[in-house]
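Protein chains in written order, with this note's numbering: chain A, 885 to 1079; chain B, 153 to 247.
These are computed hints drawn from the structure, not numbers from a lab. Any given hint could be a false lead.
Straight-line Cα separation of at most 27 Å, DSSO-like style, residue types lysine-lysine; simulated pairs [what the hints assert, rightly or not]: (1) B:Lys241 / A:Lys901; (2) A:Lys901 / B:Lys228; (3) A:Lys901 / B:Lys185; (4) B:Lys215 / A:Lys967; (5) B:Lys185 / A:Lys1025; (6) B:Lys185 / A:Lys966; (7) B:Lys201 / A:Lys901; (8) B:Lys200 / A:Lys901; (9) B:Lys185 / A:Lys1076; (10) A:Lys967 / B:Lys200; (11) A:Lys966 / B:Lys211; (12) A:Lys901 / B:Lys227.
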Amino acid sequence: MDKTELTPEQSLLLISKTIEETKERFKEYGSIFIFWGTLMVLVFGSQLVLSLLELYKFTMLPVYLFPLGAVFTAIYAWREHKKKNMPKTVIGNVLQNIGWVIGMNLMIMGFLFSDILGDAMGPVFIILLALMIIVSGLSVKFKPLIIGGALLNLIGLGSFFIDRDYHGISLMLGAVVGMIIPGILLNIARRKNNV
Amino acid sequence: MFKDLDPILHSQLRLSIVSILMSVDEANFTFIKDETQATSGNLSIQVKKLQDAGYIEVKKTFKNNYPNTSLSITKKGIEAFENYVNNLKQYINPK
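Same shape as in the complex, but just chain A (with noise of 0.2 Å):
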């Protein structure tokens, strides 16, 4: 390999391709989307079944299971960075960081403070998770994680407008559009780039 005289086009082409291919190797958080996205899905559909059964006490137990995904998250992230010798990068680590803090502020909305937010606490927990979704795209550059963040964003604001008793509809279907479907999409193309 070391042998081998460049030219300048090669040189170029060289540095570009092995920057992108570095980039790519970031595109191997798919499953955490789907797992998260089908967490709010099971979390929320739950909330809505307990709702129409008229069981108020226990709407807020399923909730429970999001910091049990957190943690499930860290050793599942930890052993893959582990596992694939992944490397540091600016862009990886802004995106956990980014990842935990709304994350967090998440939960700590949802635990603490969903009384005092009232009707606007689900179109608050999209937008910030929509948040999270874009900014994650456009770093990556995956059109449909930016796609599926905006359109979460919409579905967001759009749910300023609806009763509260549908956010959990609005929140199930901003999961599918924002997390499930670019976490797939984000795995096929993680396997395209391997064959």
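Assemble the complex: chain A is given as a structure, and chain B must be docked to it using the hints.
Quick look at chain B alone, frame taken from chain A:
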């Protein structure tokens, strides 16, 4: 022909190593070996040349009782890479 191009960087493997390190904070030896598909021996020689030139920093530590070599680009390495790319552009689009 390419006398203005930095001879340290104007090698396929060394340029690949520096390009990878330009896009990450730091990377370990195994990651770079996987990405460049170079042999350990060849990679070690090229890493040493880049280290001697002051373009990269090599840190040897232990991770879970296993030796871990992590590489990162230095300020001098970043400047050399930027000069190299600018010179390449001049070759391709001379003005």
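Could you work out which of the previously given hints the structure breaks and list their numbers from low to high?
none
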